[in-house]
Amino acid sequence: MLFLSGRLIVQRALAARRDWSSRTVYVVASAAGLLLFVMILAGSYAGSRTLMEAHAWALLWSIPSWAFLIYLFTDIFIAFGQALGDLYLAADMPLLITQPLRMSSIVVAKFVSGVLQNEIYVATFLVPFVIGFLAGTHAPWWAYPVALVGVAVFPAMLYAVLSTITILALRYIPAQHAKESLWLIGAVVPTAFWVASFSGIARASGDISTLQLPNAPVWLPSTWAGDLVSSLAMPKPLDAMVWFSFLLFATLVLCPAALAFISSTFVQGWSESTTVAPRTPIVRSRFVQPALPWIALFRKDALTLVRTPQLWFTHITSLGFVAYLLVGHRVQTPLLPLTVQLAMVQIGFVAVLAGLNPGMTALSLEHASIATLRALPVRSLDILRAKFAIAWGQTVIVISFGAAALAYGYGFDLGGTLALLAFAVLMSVVSVCSGLAFDTTFPSFAWENPNSINRGVRMVIPFLNGVAMLLLCAGMLGAARVLLHGNAGVVAGLIGSAFVVAWMASAGLRKALLNIDCLEV
Amino acid sequence: MDAALVETDQLTKRFGATVAVNNVSFAVKPGEIFGFLGPNGGGKTTTIKMLTGLARPTAGRARLCGFDIVRQPLQAKRIFGYVPDEPQLYPKLTAFEFLNFVGDIYGMSAERKGQRIAYLLDLFDLSDQADGLLGGFSHGMKQKVMLCAALLHEPKIYFLDEPTVGLDPRSAKLLKNILRELAAAGCAIFMSTHIMEIAQTLCDRIAIIDRGHLIAMGTFDELRELRGHHSLEDIFLGLTGTPAERGLARSL
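Which chain is which? The protein sequence lines are A and B, in order.
FYI, my numbering numbers position 446 of the first sequence as 446, with every residue one higher than the one before it.
Position in the second sequence counted from 1, then plus 1000, gives you my numbering.
Hints are computed from structural coordinates only; laboratory data are not their basis.
Heads up, a few of these hints could be off.
[Said to hold, decoys possible] Covered by chain A, according to a simulated footprint, are these stretches of chain B (three or more residues, beta-carbon under 8 angstroms):
1) 1048 to 1055
2) 1081 to 1090
3) 1105 to 1113
[Unchecked claim] Okay, derived cross-link-like pairs now, SDA-like style, lysine to any residue, Cα gap no bigger than 20 angstroms in a straight line:
4) K1092(B) <-> M234(A)
5) K1142(B) <-> I370(A)
6) K1092(B) <-> I370(A)
7) K1142(B) <-> T304(A)
8) K1092(B) <-> V306(A)
9) K1092(B) <-> I295(A)
10) K1156(B) <-> P377(A)
11) K1092(B) <-> W447(A)
12) K1142(B) <-> I295(A)
Think of the CB as a built atom: it goes at the ideal place given N, C-alpha and C, for glycine as much as any other residue.
Chain A with its partners taken away, still in its complex shape:
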């Protein structure tokens, strides 16, 4: 089992290295990760130190549980996808199952390699938070190694629970349906959680010294890990050791045992998921009206989008983000006065996020069928036109709805609403175009499920590009507001932003066109 785990980890590391041979991508991704690490560390340190100096003890000690809870609900989707991908959709599973290996060894080995991959997120988000928090609260030196071990084992519990749920769900629900609908649940649950909890926090009132976050659910592993960090920071060594022992026991004993026990169920579910089930005819489409090549391509992609729930998650989370802005409005406005420009930047950020996945997967979603497409007499321009239309079309529908909702919630007049809509549309163009340029430069046609190509290094560069463009446009909006005031400032900022977007979009699309032209399969 140990040997198999080791081989799987090496194989995964090698696969990542072979997929991403470009040194630039690694440098940019590592730099972005480091920047994020430093920002979280500094924020956590400054925040906990400020609360400590203000003697806001109740608020201070409730923060770790909430930080871990937020991480848990953000990571839940990633870990679920990983559990599904590692077990049911793994390309190496048929080979492993036919080898003289115990099923429990395969499941546990997959579990170990999956957890280790998840540690990247822990190292980027949780480790700087914990170090900053402990430093800000002047925790003793021995608190650091204990806290870091506790944090490192935390994703194992999450992954084990999700693997168990996945195995059980796919044992009783037909895999073809489950693996699609579970993605939706995986997107909806964290989004609803974020909005609901932020709404709760936003309604909290009182003096900072008496303010306290609502109690985090005690049955969640995030609360155990959070309580460990709080106990270490107080410091309460005995409490900390109890939580630490409990975390280690749950991770090292309970999780592998539960997985090994449930592995027999996995074989049955896997076997059923790989059996070709007779598909119910879903449409009786007899639409034979001739269409231009790019419209035919667009129609093909639209049908795929409608029939693939995995592809909707990005839009659900985008709308969730709008809801989060609306409920956070009460907290934010006293700190940062609400202006049309600020709302434009907010919806612009949502647009960057919303357009990211559709853009950067537009060509890669062709999967192996790219060979069929390339052998057809279709111009690269038509391919690009269709890919832009489908990626931008879905983004702009969602983001327009989000912009309208935000404008309504913020109480803007028609002018403000139109400004929000226009800026959201501009930012969605930026996001989709940079995604297209990146996806056509580094296409990935060998994925196991459509969501796996959205994760990791691929995401970083187009995201940073989108944020950089947003900051540039935000600078223009701010400058125009200072120089012109009122509606004239908004219009001038919008016009300036439109020029930036037009320049970036044309550069991105030109690059994408060139890439498609040169694409060899």
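Please build the complex by placing chain B on the supplied structure of chain A, with the hints as guidance.
Just chain B now, kept in the frame of chain A:
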């Protein structure tokens, strides 16, 4: 004498230091079924990829009906149908939707497209599955849909990479009959296969490629005369295998 429909001149493809296809030249005339044989990794699929515009030649050129596949890709692609070695279809489209999509790309009229789709689905016994998602199809059914797509716009040239893999005996026989009819109608068929019986009985001419080099080309009788063997299998092994491999094959 009819002009060749497929013509390659010193076609070469390099991947770094590896030469996958080296100075390959041949011509396929109208009405000819051209068998392209070779061991695994010999250069068959790479050659077909260059002929169909999926890969760019490093050197040399390929013309289809006089159109250069690199310089005039759209004109060249309009006149061939292609069946890859693995049927690569869109899993979320139905068989009908996929064929409709292919018909649109070829610019077919609604009437002709509708007629051809119905005819081909019926021919390959797929009418009942026309509204099923391709993701649920077996390998053989996908291969049949791919054949329907290649035949849909009635091209003059067909590139078939291992077309009988995954087909049941009835469909394989049907395909062979279709290919003979197409050849009789003046189409050029370029087919790679590992099944010697198919190459021997179906192909008018045979070319053998090994390690990127075209090592033999001619009719079956010409190859037999040249190598002094009786079956195509012996000729193939004699040309592509080492003496040790030939001995091993005999002992097995």
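Okay, the hints, checked on the actual structure:
no. : hint                 : result
1   : 1048 to 1055         : holds (count 5)
2   : 1081 to 1090         : holds (count 6)
3   : 1105 to 1113         : holds (count 7)
4   : K1092(B) <-> M234(A) : violated, 56 angstroms
5   : K1142(B) <-> I370(A) : holds, 16 angstroms
6   : K1092(B) <-> I370(A) : holds, 14 angstroms
7   : K1142(B) <-> T304(A) : holds, 18 angstroms
8   : K1092(B) <-> V306(A) : holds, 9 angstroms
9   : K1092(B) <-> I295(A) : holds, 17 angstroms
10  : K1156(B) <-> P377(A) : holds, 14 angstroms
11  : K1092(B) <-> W447(A) : holds, 16 angstroms
12  : K1142(B) <-> I295(A) : violated, 24 angstroms
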